[in-house]
Amino acid sequence: MQKAHPTVSVDKLEVTYNTIYGQVKALNGVSLSILRGEVYGLVGESGCGKSTLGLSISGLLPTPPARITSGNIFFKDFSINHLSDDDLRKIRGTGIFMIFQSPLNSLNPVFKVGDQVAEAIQVRVQRGNESLNLQEIYNYGPTEKQGFKSAWDVMPKKAKRSPRSWKSDEIMSEVVEVLKSVRISDPERVANSYPHELSGGMRQRIMIAMALSLRPEFLIADEPTSALDVTTQAQILNLMKNLVEQYSTSILFITHDLAVAANVSNRVGVMYAGSLVEEASVYDLFRDPLHPYTTALLKSFPQGNKRTNKLFSIKGEVPDLTSLPLGCPFAPRCDQAKPECYSTKPQLLEVKENHKVACFLYK
Amino acid sequence: MSMFVLIGVTTLTFLISRVVVPNPARAWIGPKPNPDLLKALMKKYHFDEPIYMQYFYYVLGLFTGDWGIDPYSSIPILTEIGMYLPVTIELTVLSLIFSMIIGIPLGVLSATHRGKAWDNLVRLSYLISTSIPIFVVALVILLVLGYWLKIFPTSGQLSLNVARPPTITGLIMVDALLTGNINAFFDNLYHMLLPSLTLALSSFGIITRLVRSSMIEVLEMEYIKTAKVKGLDRNKVFYKHSLRNALIPTVTMLALLTAWFLGGSLFIENIFSLPGMGRYTTQALLMFNIPAIMGTTFLFTLIIVAMNFIADVLYALLDPRITLE
Amino acid sequence: MKRLNLVEVTNLTKDFPLSRGLIEVLSRKRKFMRVLDNVSFSVLKGETLGIVGESGSGKTTLARILLGLIKPNSGKVTFMGEDLFKLRKLNKLEVQAVFQDPDSSLDPMLQVKDIVSEPLLNEKMSKEEVKKSVIEMLNRVGLSEEIMNRYPFELSGGQKQRVAIARALIKKPKFIVLDEPTSALDVSIQAQLLNLLIKLQEEFGLTYLFISHNVNVVNYVSDRVAVIYAGQLVEIGAVDDLINNPLHPYTKLLSACVPHPNPENRITVKDFGEVPSLINPPSGCRFHPRCPYAMEICKKISPKLEKISETHWVACHLFNKR
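If you read the protein sequences in the order shown, they are chains A, B and C. All the letters of the first sequence, read from the start, carry residue numbers 1 to 363 under this note's numbering. All the letters of the second sequence, read from the start, carry residue numbers 1 to 325 under this note's numbering. All the letters of the third sequence, read from the start, carry residue numbers 1 to 322 under this note's numbering.
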């Protein structure tokens, strides 16, 4: 059953939040895997659990109130969801990196952006400039008591230079280089600015520069362009492509915008109320959407003009996660719902080659 | 802003002093005045002129160093303040340092162990500290550490066998350091420890509570997630990225704490027999020494206004988003 | 077919003062940011005029001026032939607005019925009449009357925006300024609201000014579209003209950067340029530093709107016939 080794795979992940309204299942058994150099677009509306998935993989889930109740997350075949924060740290940065939606909040307001990019370079340099070799670092098998030796410990001796000695010119010149590579025209001035002095698009380019400095194997981009203007968005998407081309980074691209997903992804997954309802290659999904939710979502995307194209509006509202229906979560809003949709939850099954859907219409 | 505070306070002190003692010259000169001397004094201090001119001369005096004369000792108020102020400065600065040493780590501890045993313990401790009156804290500390355990001296600034260093700034610790007298420095610190600790203990809760809430806020910010996911080690995430942001609001407490300490010095300096502004003020109050009371009031206002200004400057230094107007 | 101009905007210019340093205060130098630079257009009765612009283009300032919330530095806004800033306050209620963020435009301490009936406060109406018209309006925007006694925090984003629309419509205004009304909503809810807005426009004979940064949405709802860039109106025309035949280099860049839900039609733009600063805007045409066709004249003179066809106007020296 072993196919190509995915960079990250998630297996039947369940995440529960404790809220004052009771237990909320933000993720309800989600499985997916992302291959090396692949951009996986994860599409869904607010509250569908797509951000929770991103945070779970990066180990940044706020616990409490959230808790991984079952399932597994694998990074290059090693289970990472039981690792302590200290052990996780060793695969963060060069292994897994994450970019957030709000470019203002994701940079520390009291430090110059150049220093914040320099920190990322330092992390990579300290780890010996090469991609992590987990086989070497991992002490125990995935099911044993888990723990990493620090990347620092297994690094060749000559790579162990004191982090401070890197602070100076070498790192600063790399900061300037990397800022240039994200098309910042005056990198020296920008490196010496504080985040609040830069525009939103500029700040998000700094985050991309950080990713380029870390050269992560896996990048989680959580709505990285949703707060940006269209021209800036196009620019950021373009820069993210460079990351894949240069370093074969795998990207989990989380977005609510179908059009953005169509533009960046190789494969797309559609989430609804904590479950993955459809997954296919980007061409198959947009040419031949199967799940009624995907179809409806595409038909409600504004295209053309009101005179020629009537928008489809899905009836009802996004369901309340505290009281999900027993069967398919989309059934109450679905035009084609059958009685069994209300009683049994459909599984995500491969109905065509590399095209999975969770719907009884395709049994 | 601070200008308005100063104008308000000077008007108030002027009016109080003139209402209570309509003719200060008469009070200064004693019960059986020599009419010529009185007239000369009234002329010299402009008490024969209309009230608004008197106010003008009063304010002019405040800013030119003429704060009036102590009627009991016949020494200018400013000279007296110069004698008493250094002790209070020492006390306030030490208390500020101690309350930060106690308050900030407790706030951080509390925030990082939110909802757990440590957090509850810290919250209980600052609740107790802020609810017990300062003189009770002082008396308990004095009793336990000073009289029963006899670890700390109970009064004064220096031990009897330690010579006071020559006065340069008036602050014994600074003078001792300037003259290289390490012995006197530590002896003075030893004597100041209990009083400043008392002030710190009764006020660290203000800092702890603020640090706790701003730390909790900062730890949930996205830039902390960015710092973590960059692969930075815990100390860097914590001390570099979180603490500096969390401490910014604490700076604004500087003026408030100073005001609190100046108020507290009224009790502390009397309980620990320290010759500072607190003692001077209580004596002035007890003897109805109006010029001295007005002088101290104005001085305290000046100090607090100055601390507010310092806090604003520090705020701008710590947070690049703020620029000074 | 000649239609009546409901709103006419002529040579509108708005400066915002900038905070100054001590030296500038002493030397009495005043610094301004020109947010709107000589903007003119008109809105025809019964149409939807879309305004597209990126952040900082001045589109929200434009909305606030049209609502009479702020005054322009120069230029004129007429509403049915009358100067907007000379009308008495009551008459201004013929203009209403729906904003992006219902959380800040709806008073959290009021119940839905009080929010919706607020514009009726000055009317001489009995309680029953007010209640009746509130219920009617809620039904018209697709809400049931059970919602009357709820508070905004108990509503979903889509419901809140419907409440905001109901409030805007209750006094039967003629002109509604919609400032990013669906930008905070999910796609499926956005579709519901766009359909509702189109339906209400027909039912009430409304005229819309629809402001958004989302080109797809503006193209969808509008009859005509105006594009503004850094405070300057660069192109205005019928929606088909702008979709099929964008002329201004900025409009071209904008359309090329719009993502479509079709992987076979991806964005291919490589050159984006830098967004200009409004504090120190480029001279002449503000787009010239980013423009691949920039000429010498573009740096010096800011181009005027030129008529290309009956419905299509563009401000670019490339199309200057003289």
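Each hint should be verified, as a subset may be incorrect.
[Stated by the list, open to error] Not the full set, but computed from the structure, chain A residues with beta-carbon under 7 Å of chain B:
1. 105
2. 106
3. 107
4. 108
5. 120
6. 316
[Said to hold, decoys possible] Restricting the straight-line Cα-Cα distance to at most 27 Å, the calculated cross-link-like pairs of lysine-lysine (DSSO-like) are:
7. C/76 <-> A/310
8. C/174 <-> A/306
9. A/363 <-> A/352
10. C/172 <-> A/306
11. B/240 <-> A/112
12. A/363 <-> A/299
13. C/76 <-> C/304
I should point out that these hints are in silico values taken from the structure, not numbers from a laboratory. We put the CB at the ideal spot given by N, CA and C, even for glycine.
Right, here's what the structure says about each hint:
| no. | hint | verdict |
| --- | --- | --- |
| 1 | 105 | 4 Å, holds |
| 2 | 106 | 5 Å, holds |
| 3 | 107 | 6 Å, holds |
| 4 | 108 | 4 Å, holds |
| 5 | 120 | 5 Å, holds |
| 6 | 316 | 32 Å, violated |
| 7 | C/76 <-> A/310 | 37 Å, violated |
| 8 | C/174 <-> A/306 | 21 Å, holds |
| 9 | A/363 <-> A/352 | 11 Å, holds |
| 10 | C/172 <-> A/306 | 24 Å, holds |
| 11 | B/240 <-> A/112 | 13 Å, holds |
| 12 | A/363 <-> A/299 | 24 Å, holds |
| 13 | C/76 <-> C/304 | 18 Å, holds |
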